[in-house]
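Protein chains: 4
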Amino acid sequence: MCTATTYKTKDFYFGRTLDYDFSYGESVVITPRSFLIPLRYSEAIKSHYAIIGMATVIDGFPLYFEGINDKGLGVAGLNFVHNAHYNHEKSSSKTNIAQFEFIPYILSKAKNVEEAIELIDNLNIMDTPFSSKLPCAELHYLIADSNRAITVEFVKDGTRIYENPVGVLTNNPPFDKQLFNLNNYRRLTHKDIPNTFGEVELEQYSRGMGAMGLPGDLSSQSRFVRVAFVKLNSLSKDDEKSSVSQFFHILNSVDQQRGCCEVKEGEFEITLYTSCYNTNRGIMYYTTYDNHQISSVDMHHENLDSDELVVYQLVRDEKINYQN
Amino acid sequence: MCTATTYKTKDFYFGRTLDYDFSYGESVVITPRSFLIPLRYSEAIKSHYAIIGMATVIDGFPLYFEGINDKGLGVAGLNFVHNAHYNHEKSSSKTNIAQFEFIPYILSKAKNVEEAIELIDNLNIMDTPFSSKLPCAELHYLIADSNRAITVEFVKDGTRIYENPVGVLTNNPPFDKQLFNLNNYRRLTHKDIPNTFGEVELEQYSRGMGAMGLPGDLSSQSRFVRVAFVKLNSLSKDDEKSSVSQFFHILNSVDQQRGCCEVKEGEFEITLYTSCYNTNRGIMYYTTYDNHQISSVDMHHENLDSDELVVYQLVRDEKINYQN
Amino acid sequence: MCTATTYKTKDFYFGRTLDYDFSYGESVVITPRSFLIPLRYSEAIKSHYAIIGMATVIDGFPLYFEGINDKGLGVAGLNFVHNAHYNHEKSSSKTNIAQFEFIPYILSKAKNVEEAIELIDNLNIMDTPFSSKLPCAELHYLIADSNRAITVEFVKDGTRIYENPVGVLTNNPPFDKQLFNLNNYRRLTHKDIPNTFGEVELEQYSRGMGAMGLPGDLSSQSRFVRVAFVKLNSLSKDDEKSSVSQFFHILNSVDQQRGCCEVKEGEFEITLYTSCYNTNRGIMYYTTYDNHQISSVDMHHENLDSDELVVYQLVRDEKINYQN
Amino acid sequence: MCTATTYKTKDFYFGRTLDYDFSYGESVVITPRSFLIPLRYSEAIKSHYAIIGMATVIDGFPLYFEGINDKGLGVAGLNFVHNAHYNHEKSSSKTNIAQFEFIPYILSKAKNVEEAIELIDNLNIMDTPFSSKLPCAELHYLIADSNRAITVEFVKDGTRIYENPVGVLTNNPPFDKQLFNLNNYRRLTHKDIPNTFGEVELEQYSRGMGAMGLPGDLSSQSRFVRVAFVKLNSLSKDDEKSSVSQFFHILNSVDQQRGCCEVKEGEFEITLYTSCYNTNRGIMYYTTYDNHQISSVDMHHENLDSDELVVYQLVRDEKINYQN
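Chains as they are written, first to last, in our numbering: chain A, 60 to 383; chain B, 60 to 383; chain C, 60 to 383; chain D, 60 to 383.
Misleading hints may appear alongside valid ones.
As the list claims (entries may be wrong) - Sample of chain A residues facing chain D (criterion: CB under 10 Å; computed from the structure):
#, residue
1, His249
2, Asn254
3, Glu262
4, Leu291
Claimed, not checked - With a cut-off of at most 35 Å between alpha-carbon atoms, the simulated DSBU-like pairs for lysine-lysine come out as follows:
#, chain 1, residue 1, chain 2, residue 2
5, B, Lys250, A, Lys236
6, D, Lys250, C, Lys236
7, B, Lys300, B, Lys378
8, D, Lys378, C, Lys378
9, D, Lys323, B, Lys250
10, B, Lys323, C, Lys323
11, C, Lys236, C, Lys215
12, D, Lys296, D, Lys69
13, B, Lys300, B, Lys170
14, A, Lys378, B, Lys296
15, A, Lys170, A, Lys215
As the list claims (entries may be wrong) - What follows is a set of in silico ranges between Cβ atoms, one per label pair, in the way DEER data are often shown:
#, chain 1, residue 1, chain 2, residue 2, range
16, B, Lys296, C, His144, 55 to 65 Å
17, C, Val140, D, Glu326, 39 to 49 Å
18, C, Gly325, B, Val322, 29 to 39 Å
19, B, Glu260, D, Ser191, 47 to 57 Å
20, D, Glu173, C, Pro194, 52 to 62 Å
21, C, Glu324, A, Lys168, 53 to 63 Å
22, A, Lys168, B, Glu260, 35 to 45 Å
23, C, Gly217, A, Leu193, 36 to 46 Å
24, C, Gly325, A, Lys168, 58 to 68 Å
25, C, Asp298, D, Val370, 26 to 36 Å
26, B, Lys296, C, Gly217, 51 to 61 Å
27, A, His141, C, Gly84, 46 to 56 Å
Think of the hints as simulated: they come from the structure by calculation, not from any bench. C-beta: ideal position from N, C-alpha, C; glycine also.
Chain A on its own, in the form it takes in the complex:
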């Protein structure tokens, strides 16, 4: 499925993996400030924060998987199958927003988590599909700025906004269960461990035994625990390259390798892409399953006051540095 995380050094980084058995034709898409964002139930947004993110553009509309805006807010949508619930009836008191409009709506208008929450409290998420070919995605969201991260879930009982002290999100189960489950791993450590088993000599025969018990499979709960551990223990220099490098190491810990997670007979889920945003500087970095080299797009290298989407195709072919 997917994993999202944050990482902070001098700057603040936000990103995710997208795990699936086929690509949606995604590309890097910059939505400049004057690009008209049409809305199904309200007037189009004419002027807004600039956005960079991964999106599939259909009929001129950027269907974002995740992105950040030029104020440093990040939003990522992750699969939340059977638990996400949207409304079919319009609300008269709240702002009605189609599910697929959620990410651009928030990134257009909120410059931080606090403002995002204010917006969300006033939203009625509609189960309107983008088109007859594109049914509603069942998602929940990691929303973060450099100071705070939250998880937002639209479920049968209504809207749930959780503080996210780990800065991590995967998929099912709902976030409160994911966070509670972390308690079971509280004794894990990057350090050596003493022998407390009993009065018998037991050897620490390998480095790294302090984290024994960390789950290694690809299920959403196991990825949550693993990436949380790697992220919370991560260390790097705070310059750009070192931070970005470490960020990809964090998400590589939940990389889905082809063959390890069968979806249907002979079809396998893989990590289609991994993204990393420097939210302070508006730069997106990414790798794809078959290109290990990091590519990057800088939103500030474009005219952010334009009214046209800027699209960069993903580099999907392995770029090898042939030394001889």
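Please build the complex by placing chains B, C and D on the supplied structure of chain A, with the hints as guidance.
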């Protein structure tokens, strides 16, 4: 510590991670056929198979961590602390070889595993250090050609040669224990799993639950199980780029992230480099911790009949593909 | 802490362990139909179902830990620390019941789970302590008849009534999290397991490997999973002795041995007693930590129309059958 | 299969569970000092230490599963399928002993572990079956006195005598692997555990979380770890009843419940009996699957200088203490 694996598509791939808290100044080193390989206890080898691998060159001698020869045989040495045992007394009936000469010795003379075994059966491994500054490395070995893989351990009881049906090696404990431990994971699967717990409805709430129980930490036994599962379930197209890409995905599953494995207060083991060899074509690929792009060196682009080492410095700085 | 379970053969069995570091002076207590049950916020109950259970009698009031009534309904209270929440304000629309009155209140008036739910829907649980020396117990409840089991939790958000398809309860976390966590164990089985790890021969070196992954520690979540597995897979003849024997085997799987769970320096939680009720026949069976023999008290051997409690002291001393 | 353990308070206790899908008709058997023990390859033993243990008597010969002698030495045989290896050829230099004679032979002649080792070093174990209906049992052995415990395995490579610092034995794999595997659990503890996962608040929501990771299934390796933990952490008063009670609590932690381990379609392995010997006083205690009460037989209540076996049938029917 380290992890080595093999992978077979149309060609045969062999490689490893080297995990440590500091670098030994390693580089890509090609030993052409006429390079004089001096030996401590015998005459130098004047003519031999050509070798490409990762090595630290000191006083003109290539101290290989791992490598392959132009016949397609691969040898990798992995830490085997407290278990490796070398002799202090010379043997009169066997060929005496200093521990650091083992990899070049085998790669010089054996064109496949069978020949390597014949050589090893006749070796007396001496505990002679390369120099007073470089004590003997405590290692065991993965040796593989495209048809067969073995693990070789020099222990107190003598020389142990194990068939290695998984084609994987990490560190402690000795290989027979590592292989036995895999039995505990026999029910893991890349497929969906049925509910056999009992008469109660239990949900498969995520893809990938069939491999729950796979260990996710960095200890040597856990890395062995994890990389074995990923390798044995791996699928890719069989062209060169697809195969190499998948190979790096396999070894990335045991990547050591900075911060997760503390060696001494404030010092952490990381995956310094990851290598992958196409043993059929004599090409080495590698990444370093801070350069996600794959670099490559092709032995056949050099004069393999020369008598001088060819050295390529590792590209350690992140090469980012700036799209704008 | 504690574990409660049900078991069904020809008759229906209900019982629990009580795990703690010291005894509350509990004994087997029968409350006959005409015993006056005083209530703090309402008139005393004069006529009611007869009750048998484990209780501490203080000032003539039976403070039940668990019990059944002569209609076959069972209620057990289990520790639910930091999550149980009772009200401080009386309700004018609901029946106010002090927390310690809950078990006798339900067992007095409900002949099955359905009636218990009706009663509970109309209750306002007060945080009134029994006395200044006996603060409110923080509990949640397993309530079961031979056809249905529920878990009842009084939490900050109000009263939660969960269907309990497993018929098992331990302690924290709240029941919905406990039940969800069972999903992670759905592939466990009492059967042999095939090798699905990959193309390598892996041995089933022992019977019982199909349940590998079942947790063995004494934490509440691990006990929940373990006892659920043992209960759902349990088999026995359906006569009384075989059923009772199997019931004690089920709860023995979560027995707390002295020394394995330290509460304070040098103080350890143990399974003080284990109880088992044949709810159809009104018989209570129990063992204590230091008496492995099963003792029993039959409510129908007493005058159930009396107005006085009947109390049997627990047999706590090991009764050994000396054969010579 | 089976589990054996030792426990020391003021006296020394030794015992085991026997897990199987059907009974061998075992009973408590005392072999007095003058009972003639016939041997297949040597003269019968006429005078020897007295033995008490669990045995099936066939044609007047006590086929012991386990037992102790009046000097305080205990020997228990546990299943070791596919690994036990006995010789088919008689040795001219060693004492030839049929496999089924091993326990009575050792208990007849050795008063402690040291003497047992001396005897074993001189044994050639023959694969001679007791009769055509009773093929050789594939076993390994726990041998213990109050100061020392060893494991003895007759394997293809010869006789292996391991110090057993845990005083525990189950079944496969061979003992060195079982003992090594304990290293993986060295951080388990009966104490509370700190949060070392990372900078996020994680709750210790239950007592007993320090032993999370302890395996709970019935496979031989999991039982080894679990009973080792329970035994090494066990605490009790040192009087006879308290010690015996705790001993049964230790072995109850590996009790096999009917239904949890299927051997063949519809056939299940259960703990047929659990035994406990006070080796200092020559008393045997036991329970059976369907009788939770502890029964006992004291060898010193019999004439130990007799030449006839003394047999006590097992009390297999649940002895309930009816209090009313």
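In this structure, is the beta-carbon distance linking Gly325 (chain C) and Lys168 (chain A) contained in 58 to 68 Å?
holds, 60 Å
May I ask you to test the hint 39 to 49 Å on the CB atoms belonging to Val140 (chain C) and Glu326 (chain D)?
Because 43 Å falls inside the window, the suggested range holds.
Starting from the range 26 to 36 Å, see whether the pair Asp298 (chain C) and Val370 (chain D) falls in it by beta-carbon distance.
For Val370 (chain D) against Asp298 (chain C), whose Cβ atoms are near 29 Å apart, the range 26 to 36 Å holds.
Quick one, are Lys250 (chain B) and Lys236 (chain A) close enough, alpha carbons at most 35 Å?
Satisfied, since the Cα-Cα distance of roughly 24 Å is no more than 35 Å.
Need the status of pair Lys378 (chain D), Lys378 (chain C): alpha-carbon distance at most 35 Å?
Holds, at roughly 10 Å.
Take the C-beta atom of Gly217 (chain C) and the C-beta atom of Leu193 (chain A), compute their distance, and say whether it sits inside 36 to 46 Å.
holds, 40 Å
If I claimed the Cβ atoms of Lys168 (chain A) and Glu260 (chain B) lie 35 to 45 Å apart, would that claim hold in this structure?
The hinted range 35 to 45 Å holds for Lys168 (chain A) and Glu260 (chain B), with Cβ atoms some 42 Å apart.
Assessment of proposed distance window 51 to 61 Å (beta carbons of Lys296 (chain B), Gly217 (chain C)):
Roughly 57 Å apart at Cβ, these two residues keep to the hinted range, so it holds.
Hint check: Lys236 (chain C) vs Lys215 (chain C), CA-CA at most 35 Å. Holds or violated?
Distance ~16 Å between Lys236 (chain C) and Lys215 (chain C) Cα, so the pair holds.
In this structure, is the beta-carbon distance linking His141 (chain A) and Gly84 (chain C) contained in 46 to 56 Å?
Check passed, 49 Å falls within 46 to 56 Å.
Hint says 47 to 57 Å; check whether the CB-CB distance for Glu260 (chain B) and Ser191 (chain D) agrees.
Check passed, 51 Å falls within 47 to 57 Å.
Straight-line alpha-carbon gap Lys323 (chain B) to Lys323 (chain C), limit 35 Å:
holds, 32 Å
Checked against the numbered hints given earlier, the structure satisfies every one of them.
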